Amino acid sequence: MPWLDLLLGLTLVVTAGLALAARDMFRAVVMFIVFGLLMALAWVRLQAPDIALAEAAIGAGLTGVLLLDTLGYLRRPFGSRVDKPEKHQ
Amino acid sequence: MLRQNRLKIMVQTGILCRQPAVLDNAQADWPRWSVMAEQRHAVDRLSWISAYALRLGLLLGVWWILSGSTGDWWFGLPLAVFAAAVSLWLTPPGRFRLRLHRMPFFAGFFLWQSLLAGWDVARRTLSPALPLRPEILHLPVVLPEGAPTWWLMLVISLLPGTLSVRLDEERSLEVHCLDSRLDVPASVRETELQIALLFGLRISGADGGQHS
Amino acid sequence: MNWLLEVVAVLLLVTLVLGLIRIWRGPTVADRMLAAQLFGTTGVGLLLVLAELQQMPALRDVALVLALLAVMAVLAFVARVWRQDPNDNHEGPS
Amino acid sequence: MILIDLLQGMLLLAGVGFFLVGTLGILRFPDVYTRVHALTKADNLGLGLIVFGLLLGAESVPVALKLLLIWGLALVASATAGYLVARAARRRGVKPWKARSGGGA
Amino acid sequence: MSLRLVSAALLCLAVTVALAWAVLDRPLPEENLPDRVSSAMPQSGVDHPVTAVLLNFRSYDTLLEIAVLLLAVVVALALREAQPDRPEQMGLENPLLRAVMAWLLPLILVVAGFLLWAGSYQPGGAFQAGSVLAAAGVLLRLAGVTTAWLDNAALMRAGLALGLLTFLGVGLLVMLPGVPFLTYPLEYAGTLILVIELTLTLSIGLTLISLFRLTPPYADDPDEAREKEAETP
Amino acid sequence: MSGALVFAWSGVLLFGLGLFGFIAHRHLLRRLLAFNIMGSGSFLVLVGLAQHGRGVDPVPHAMVITGIVVAVASTALALVVFRRWYRASGRTDLPEDT
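Residue numbers (our numbering), protein chains in the order written: chain W, 1 to 89; chain A, 1 to 212; chain D, 1 to 94; chain U, 1 to 105; chain L, 1 to 233; chain P, 1 to 98.
Chain W on its own, in the form it takes in the complex:
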């Protein structure tokens, strides 16, 4: 039993770390989407299927779409006022 939990917990932390450490914003967002999916699995292992359901719909679905959508918005420069978004770390 604990093998699965240990591996899952470790992967969770690593994924979160990668999402925060990624230099490329897109990489960070995809890592975060994956993090949401792993959270759903963690809830499953914690015997909480209710939360897993909510997390599967929201963490792996909606949040990712919202973030990707915002990335698309940032990618599209408008006018000359805009600083390149990627330069600000």
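Hints in this document: simulated from the structure, not taken from any laboratory.
Every value quoted in this text rests on a predicted model; they were computed, and no experiment measured them.
Please note that the accuracy of each hint is not assured.
[To be verified] To give an idea of the chain L side of the interface with chain U (calculated C-beta under 10 Å), a few residues:
hint, residue
1, V17
2, L24
3, L92
4, L96
5, V100
6, W103
7, L107
8, N152
We put the CB at the ideal spot given by N, CA and C, even for glycine.
We have chain W already, so just place chains A, D, U, L and P on it with the hints.
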């Protein structure tokens, strides 16, 4: 059961039929195929009702599956009625009907082919030389526009070594294949025939003799 | 039978971890997105195995929801991020 | 009974094997298009084998049908996703990878 | 490594260690909540403990959370960038995608309904069903289906407020016989909870959809809009 | 070490990581990610600890479900505000940070 010399797919689409339109897709390395599409004159009320009934039935089936056959139709029935209405709003009844009794044959074909597909990818991945020779082919689609074409494009992506990339205005399908040494056109053609059968499109040979 | 299901679950998780490499390495944004899609499919498989292992039929509903919404992220990516855009030179390795 | 268990175990392990192969494919294949191949074929077969493995132990008909429904949905999802990505890549002019002369065979 | 980063790292380390110490210490509370919940289950009107907690035992919390959601939408509405739906901005116009969506969306609706209905005896409920419903709306929008019906402001606002109002209304209604706020009579509890959950699902779904919709795909820079107008014949 | 405790510990680590990211990053979108990770960490601690103490406990489950929904709503709201800010100023961070 299916022979290479079966060269025509005749589309028969329902109640109100007009004169058949013959589309030809001739290419040098491609046997002459043609589709006889008998266009339905208009989508009539009967087809709306039958499409609604079909979708409602399928959604009720899904409800039965989901609720574990416990029943409780007082919630599921209104829900399915509503969802089927939404489905009609999204896509009005098309010209083609799935023939449900053909489904087992198609499923058999599909399962066997996807087994081959997985095996093919596994072989290529695990071989140290990575034997890939990708190429993009342009293949004319014989199936009529609408549901059969969508089925073809989705199914092709799951078959050995092929991936549909896009369909252009001349109804030529761009297929990305993993290995140009395979006879991709033949397998796509076979898939088209299977889908034609699934939709109950009548297939006829070059001689005009009809099989079904 | 349970030990087998457990082995299967651990192996599926290992597959997920391997998939992280592709997300990290890229090189194009589409590759990262594909790997995320892979996570969805593997996650569905893992949930189904766990449903059997933990005797929780409700997990099949979780897998169902995951499978239903699996297209969403890729669709958002294709529709909103990776459109044809001459200003966007995010093609190469990053 | 033992025979069914054996079959179930073999199906499950084969499924996991295809998942592993799919991930390896995603790692080893050279460009976006070929990686979509790995995604749509090996992984779907892997999920399919796992579904059929679990099907053998399913307690009732609705449960079995639900498993099949999930597989079907996953198939549609990855075929659609693969098509969308391949199409977007093509429209943006991503060139397919070509085997170097003599290589690949 | 700036001083800022080092001090941030030290601070976070301190917080993490403090949290870790709390995890190591983990005093058990006096009250045994799982036991209390399971002993009160017969009075809840539903068979699934999580739903019972959400909509009966701790319904105050849920009520306030719905109010928070409504507040978020109201703020987002006030801040939105005025931008009409233009087809080329909404999503991907692709016939294959449309065909897939035509089958997928009714299925999603049925699954959302199932989750709502299942909430009374197994995992599921208004929050899950609402988010699946919202996902359906988002998919619709990404697939380029027009969602102009969401622009009907009066209908939209009614839908957004419906959940909270029903919740409050039911809570007040049960006060008539003289019981406290949100204490459902046992014989009606199941029905009342289902009614509340139904409206909550709609409202949560609409809330999340409109939060997505209020973020237009592109900045509506006036110059760019003019350029776009010029491009398209 | 039981499974629940493993996740409680992961939650602690996630909380620390998220907090650090929240302080260290200047890009507002990254801060949002960090904040969400922090939230997930605290949810894990909540459920993991409760479960390690007395087994499956529906009360924290219910709290976390509403928490997740409120978190996504607040993320969406933050994104609306963020876009507004980006449009008004053309930058993705706050001026007082730099």
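Hint-by-hint comparison with the structure:
1. V17: It is violated, given that the least Cβ distance between L/V17 and chain U is near 37 Å, above 10 Å.
2. L24: 37 Å, violated
3. L92: 8 Å, holds
4. L96: Status holds, d = 7 Å.
5. V100: 5 Å, holds
6. W103: 8 Å, holds
7. L107: 8 Å, holds
8. N152: At 31 Å from the nearest chain U Cβ, L/N152 fails the 10 Å test, so the hint is violated.
Hints 1, 2 and 8 from the list above are not met by this structure, while the remaining hints are.
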